[in-house]
Amino acid sequence: MSTVMHLNLRVDPTQYIPQIRNVPGYDYIHLIRQPKYLIDPSLFNEKVYFLNEIFSPEEYVKKNDISLLHAHHGQLAVLLLPFKMKTKLPLVTSIRGVDATLAEGRVGYKENMKTLFEKGERFFPVCNYLADRMNSWGCPTEKMRVLYGGVDLNQFTYNPPILGESQNILSVGRLVEKKGHHILMQAFKKIKDKYPKATLTIIGSGVLQEPLKVLATQLNLGDSFRLLSHLPKDQVHKEMSKADLFCAASLEASDGNVEGIPNTIKEAMATGIPVISTTHAGIPELVTHNKEGILVEENNVKQLAEALEFMLENREKWEGFTSEARKKVELKFDQTKQLQQQAQFYDELLGGLK
Amino acid sequence: MKDFKKIKVIKGENSFEIINPTNYPLIGHGAQGAVFKLSEDRCVKIYTNREQAKMEERALKAGQHLSFMPKLYKARSNYIIMEYFNAPTLKEYLKNSMYMPEAIAIKLINILKELKKAGFSMLDAPLRHIFVLENGDLKVIDHVNSFKRQHPAPIKLLRELKLILLKDSFLMHVERLEPKMYKEWEKFFDEKDIDFRKISVSSGGQGNAVNVDSALPLPLIGQGHQGAVYRVSEDKCVKIYSKEEHANQEKKVLLSCQHLPFIPKVYETSSNYILMEYLLGPDLNSFLKKQRSMPEYITRHLLKLLKTMKAHGFKQVDSPLRHTILTVDGLKLIDHVYSFTREQDRPLEMFKDLHLLNFLDSFLEQVKVLDEKTYREWTKTPIPLNELVKKQTYTGPHIKDELNKKIKTPEQIVKEILIRE
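For the protein sequence lines, the chains are A and B, in the order given. Under full-length UniProt numbering, residues 1 to 354 are what the first sequence spells out, in order. Under full-length UniProt numbering, residues 1 to 421 are what the second sequence spells out, in order.
Mixed in with the good hints, there may be bad ones.
Covered stretches of chain B, going by a simulated chain A footprint (3 or more residues, C-beta under 8 Å) [stated by the list, open to error]: (1) 27-37; (2) 53-62; (3) 115-129; (4) 226-240; (5) 286-294.
Pair by pair, the computed Cβ-Cβ distance ranges are [said to hold, decoys possible]: (6) A:K114 to B:L255: 53 to 63 Å; (7) B:N110 to A:T336: 25 to 35 Å; (8) A:T14 to B:S293: 16 to 26 Å; (9) A:E142 to B:N110: 54 to 64 Å; (10) B:K11 to A:D223: 33 to 43 Å; (11) B:N110 to A:N135: 43 to 53 Å; (12) A:T14 to B:G119: 30 to 40 Å; (13) A:V207 to B:R342: 38 to 48 Å; (14) A:N135 to B:K11: 52 to 62 Å.
Some chain B residues near chain A, calculated using beta-carbon distances under 8 Å [unchecked claim]: (15) N49; (16) R50; (17) Y93; (18) L158; (19) F351.
Everything labelled a hint here was simulated from the structure, so no lab data went into it. Where a beta carbon is used, it is the ideal one built from N, C-alpha and C, also for glycine.
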């Protein structure tokens, strides 16, 4: 079995992904930059290693029989370039939303990405939208393979919507600008008086926690609004099971930060919650408007409020949306299939070398 | 402008006190003294040691023709007025960078070449002493040791670049742009030709870290009062002692306790070194810095470790967080020179470290639940935190005050970013 050395950001539940551990036919080493990025020691095992602690790249690669490098962000791939040069191993780079961002005050970002496009062998953008963007920056099409991230369909099982009385709207995502929570809160404010039973729950943590609380006070959202931070996974599932509508108001942040395709929407779709989202980034590749859910323009409070109202008024349409949504996820975003696809892309790159 | 002379900088054995009755904001302070901003383009460095003031004056004068040297305005026995740079340091500038920008590499190479040409013996600078101006020019401060220390290759610069993961990409630029310089460095740092069995370490004066000879090419992982530790292979490191007595003390502890789970494996010993297992994983201080609250399992493991120490006759029962490494095989503790000789029944260093992370109270609460007897022993008399934490007092304005004013409040963020309609 070939071993792939994966570099991603941290050892914690969010970064302990099947795209590292469960690629069929490939063993792995989970590399992080430095020991300080080990956040959850329960996930620490002999497969975890630290880039800055590798004493001799050549010897390390030989000893662990590594045949491929896979960086799970563009920036991490740039960091791996010297290692790649020394070991002459092929390098695969996953391209995610954050990689399309230029405005994070990172020196020399675009030049670095250009070098990477030249030296790297393969790029796996997580959606066509990002593939097009990378192509416009100079990444050759023949080096790119779009690889959608999948959902564990055994974990996220489908339950058709219940035609009950509750009107619980849920959004899950880090509390950062590109998630558009503030737009959702303003849209919710617009419909709140008409639907006094409606609630809005936002689950996430991040730099905007305090500002969003201030916004909730300013909008006078009162008890109908909840902001839940640092929630364990099983609690998130519980909240999802109580939700009637799922909303992801994603948008391009003022610093240029964009999404790929948010996993939370895929999970909601797999579970059978009707979704409302925006035409931002790769989201239309997941949700076809009026078929698998409702899409509105990003950063548009009025349209989002109208969409919420539409959904609340047309409950009989929900099951149509959710069954189509489940089908779409099973077809294109099934984790098992996507991991097989990833393995095939590796096979193709390694050719006879595997 | 002369009233800066009212500023007092007092350096004690274990304390640092600065009294500033003026409006000049403090820029920074360190082992040599403190620096205050006098105007948009001038600052004053006040020295606690006049010899150092003289050394820096000499270097600044010798380098006034160099483009990266701060302008010297006035030098007196205990202060120097020089150019002030309102710019990020290279460390701040490169923050989050994943690859050394070529333009910066070229400028750094140029600085090192110019220093050599000007006859400086310290061809080196740490990242925090290099400023990046808006036009991209670099400026280098702190030249006290320019003619004293011998750094024929940029030891500090490379060590710090390694810490922010940019050493490899910097060296790639150097290899391509200045192959001759690269060869010289390679020769200097060549690990394979060095036999650690022949290295000796000279001890510094009392209270100072050991002066490790700059010409030691192995990758240094740490140095302190007793000696220095170098990585020698993927899984081994060597601790080299300046005093045989220390080597013997630590050898005794390590060799007699190899069966204890938290003791690093020893492979080879001599009168002045111990070759031992290199521990992979974060030290507990770095680890806990990234935790939101004190994890209970860490408390449990620390408690177990300390109780094992006590049960096996350790006199010094302590586990300083920086010396406690979270490895795949559990917690390991390094530095055992005084484990059998220094009488200390409470883990005071660990208390201090936890206190600085704001975790001491929650740690003690967890201990109270897990092991009330130990809790009572530890808290029978008050924990002397005041004595443990190094005293640094400063009264007066700080340069960061201006920056703090610029940080947006949640209300401002709502107004400026969140409500766009």
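Violations among the numbered hints = 1, 2, 3, 7, 9, 10, 11, 12, 15, 16, 18 and 19
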